[in-house]
Amino acid sequence: MIALQKRPTPSRALSLATPLIAVLITMIAGGLLFAVLGENPFEAIRTIFWDPVFGEFAFYYRPQLLVKAAPLILIAIGLSLGFKAGIWNIGAEGQYIMGAIVGAGVGLAFYPTESRLVLPLMILAGAFGGWVWAMIPAFLKVRFGTNEILVSLMLVYVAEQFLASMSLGLLRNPEGMGFPGSRNFSDYPAANSWINEAAGLHWGMAFAFIAVIFAYVLLNRHILGFNIRLTGDSPHAARFAGVNPTRLILFCLGTSGALAGMAGLFEVSGPSGQINIDFASGYGFTAIIVAFLGRLHPVGILLAALLMALTYVGGDLAQGNLGLPSAAIQVFQGMLLFFLLALDLLTNYRVVLKKRGAA
Amino acid sequence: MDLSAINPVLLIASLMVAATPLLLAAIGELVVERSGVLNLGVEGLMITGAICGFAISVETTSPMLGLLAAMLGGAVLSLLFAFLTQFALANQVASGLALTLFGLGLSALMGRSYVGVKPPAMAKLDLPILSDIPVLGPIFFSHDPVLYFGIALTAAVYWFLKKSRAGLILRAVGESHDAAHALGYNVIRVRVLAIMFGGACAGLGGAYISLIRVPQWTEGMTAGIGWIALALVVFASWKPWRVLLGAYLFGGINVLQLNLQAAGIAIPVEYLAMSPYLITILVLVIMSADKSGAPAALGRTFHASQ
Chain A
1 MIALQKRPTP SRALSLATPL IAVLITMIAG GLLFAVLGEN PFEAIRTIFW DPVFGEFAFY
61 YRPQLLVKAA PLILIAIGLS LGFKAGIWNI GAEGQYIMGA IVGAGVGLAF YPTESRLVLP
121 LMILAGAFGG WVWAMIPAFL KVRFGTNEIL VSLMLVYVAE QFLASMSLGL LRNPEGMGFP
181 GSRNFSDYPA ANSWINEAAG LHWGMAFAFI AVIFAYVLLN RHILGFNIRL TGDSPHAARF
241 AGVNPTRLIL FCLGTSGALA GMAGLFEVSG PSGQINIDFA SGYGFTAIIV AFLGRLHPVG
301 ILLAALLMAL TYVGGDLAQG NLGLPSAAIQ VFQGMLLFFL LALDLLTNYR VVLKKRGAA
Chain B
1 MDLSAINPVL LIASLMVAAT PLLLAAIGEL VVERSGVLNL GVEGLMITGA ICGFAISVET
61 TSPMLGLLAA MLGGAVLSLL FAFLTQFALA NQVASGLALT LFGLGLSALM GRSYVGVKPP
121 AMAKLDLPIL SDIPVLGPIF FSHDPVLYFG IALTAAVYWF LKKSRAGLIL RAVGESHDAA
181 HALGYNVIRV RVLAIMFGGA CAGLGGAYIS LIRVPQWTEG MTAGIGWIAL ALVVFASWKP
241 WRVLLGAYLF GGINVLQLNL QAAGIAIPVE YLAMSPYLIT ILVLVIMSAD KSGAPAALGR
301 TFHASQ
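For the record, the sequence lines run as chains A and B.
To convert, note that position 44 of the first sequence is 44 in the working numbering; the numbers rise steadily by one, no gaps.
To convert, note that position 60 of the second sequence is 60 in the working numbering; the numbers rise steadily by one, no gaps.
Any given hint might turn out to be false.
From the structure, some residues in chain B lie toward chain A, with a derived Cβ separation under 10 Å [as the list claims (entries may be wrong)]: (1) A88; (2) L101; (3) L104; (4) A108; (5) R112; (6) G116; (7) A166; (8) I169; (9) W227; (10) Y277.
Because the hints were derived from the structure by calculation, they are not lab data.
Ideal Cβ placement from N, Cα and C applies to all residues, glycine included.
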């Protein structure tokens with residue numbers, strides 16, 4: 001009979017291998033899905049995973065990878081801190097939107113001032129917008145014990161409505177002839193987040209790298225990071241060790257909110273260009289998958305975000321070339337998380353063959 | 001603004017319609033949570049139920065078959081969650097999120113060819129004399145059968161949890177899975193069945209939106225109702241009748257804000273549309289002081305080895 005035996009400590013080798021195995025299984029299952037949809041599975045998989053990096057037009061798609069990966073890294077790094085400690089911020093999408101609105105608002109207030117200070121101010125404002133939005137569930141959890149999962153998620157819907165209101169009202173381009181949406185930041189060099197648009201490089205990528213290093217140092221070299229890990233592994237032990245749960249909640253939610261807000265700001269002042277009704281693109285939710293796929297480890301998240309960016313870019317490519325529906329990529333990403341969670345069993349438990357009745 | 005355009009009788013009647021998907025999803029989740037499992041995938045289950053029900057009823061032109069298909073779809077999808085949390089012992093929060101993300105994608109994929117299609121209409125109850133009574137008729141006696149089923153289901157769940165032996169076992173599993181296991185009850189089986197029941201209810205709730213309330217199919221049309229249903233269970237302190245009360249309250253708020261939008265009140269549409277979510281947060285804050293109703297083993301993983 002097959003039985004599960006808990007490992008004394010999670011297997012390190014399997015912990016590293018499971019994301020790779022999960023990706024492989026997802027490719028197989030995804031191939032089957034594409035076959036059901038009437039596509040050639042090998043061609044679909046090649047279009048999604050190979051062509052954007054090594055194909056004929058890779059010079060065009062490689063920069064796109066960085067553009068998509070930057071917000072995913074920023075958001076997922078923030079989320080991973082909380083997830084490690086059992087604090088579930090799943091409203092990063094809302095914090096991303098609010099960061100974009102507040103940051104863009106500050107930038108547009110200075111239009112058309114040409115100053116080196118405009119972009120840094122916008123970044124601060126974007127981080128502040130996301131931080132404030134994340135502090136709502138944090139404060140309510142600390143003060144009233146309210147579930148942060150539900151509150152942060154409800155605030156996504158509120159932020160979406162707020163975005164619609166802003167792009168139709170306060171932030172609408174006065175010279176836009178009545179169309180919804182703000183002024184485009186591509187016409188405002190001082191407030192533009194691009195470093196090199198042709199290479200797909202904007203300040204968000206630079207901040208994403210900083211965030212990865214910051215998170216790595218924090219988790220491995222700083223007492224706060226140790227407390228986060230301790231709380232996640234054993235809340236009781238953490239309390240005996242004198243860890244202040246209130247401070248931890250405020251820090252984890254606040255940091256993830258600020259990072260998500262920054263991601264929104266970099267997106268609005270670069271790749272997206274303007275505040276508009278359709279600005280929200282689901283990065284806040286995909287980042288949850290990225291955080292898990294990266295094993296909540298900063299370097300893992302960096303790699304996972306690049307892979308997830310590949311499914312976005314490859315998905316677009318497959319949509320254009322093969323007519324694969326965009327929703328198929330969403331299913332693909334969802335499956336990835338499923339397989340990853342299922343395979344985690346092997347990391348934490350050992351499968352043993354037992355003779356019945358031996359116990 | 002013209003508030004006299006709002007007809008109170010129609011308001012109450014449409015409130016009951018707006019509340020039904022919430023009620024169905026929340027009552028299912030209540031049973032799941034009373035068995036000690038936190039399923040955050042309600043939104044994904046609802047949207048999957050919405051498209052399953054829609055597709056089958058369009059293909060067969062039978063709304064009843066559509067509703068059955070929605071329940072089946074929800075239950076099958078929830079089996080994925082059951083497998084992850086009960087057999088692969090995965091984290092329930094992460095698995096629930098995975099279910100929602102997957103369900104949203106899957107439904108969008110399945111629903112591609114159904115955008116803009118009109119589903120067959122569900123016959124409404126029409127009793128000879130009762131339905132024609134002014135005021136009471138439209139409120140109590142002229143709805144679709146699913147609405148009455150929702151209320152009956154609430155009563156049935158109340159009876160099941162409070163009076164039946166099986167309900168007692170389910171509650172025991174939810175309060176202390178170790179004790180229930182020691183008494184010889186099969187914790188995993190009870191929880192898998194509860195999860196499937198929750199999935200079927202959420203699927204039915206989703207189909208109610210796409211087949212009766214709206215009725216058409218658009219991507220992501222559940223728009224957070226699954227999450228509000230989760231909040232509703234907290235609001236109700238895990239008690240069935242309070243779920244009904246809460247669902248009508250939320251249905252009322254939603255219908256009222258839609259009516260105010262239509263009446264052209266001075267508040268912008270976007271701010272009115274925020275109100276159900278803001279009120280959900282407010283209610284959560286008020287109710288979170290009292291956690292005594294929560295099942296003690298809620299969200300904890302059970303493994304029989306210890």
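Results for each hint:
1. A88: holds, 4 Å
2. L101: The hint holds - B:L101 has a Cβ within 10 Å of chain A, the shortest such distance being about 4 Å.
3. L104: holds, 7 Å
4. A108: Holds, about 3 Å.
5. R112: holds, 6 Å
6. G116: Since chain A brings no Cβ nearer than about 16 Å to B:G116, farther than 10 Å, the hint is violated.
7. A166: Hint on B:A166: violated, closest Cβ of chain A at ~27 Å, above 10 Å.
8. I169: Hint on B:I169: violated, closest Cβ of chain A at ~24 Å, above 10 Å.
9. W227: Holds. Min distance 5 Å.
10. Y277: holds, 4 Å
When the structure is compared with the earlier hints, violations turn up for hints 6, 7 and 8 and for no others.
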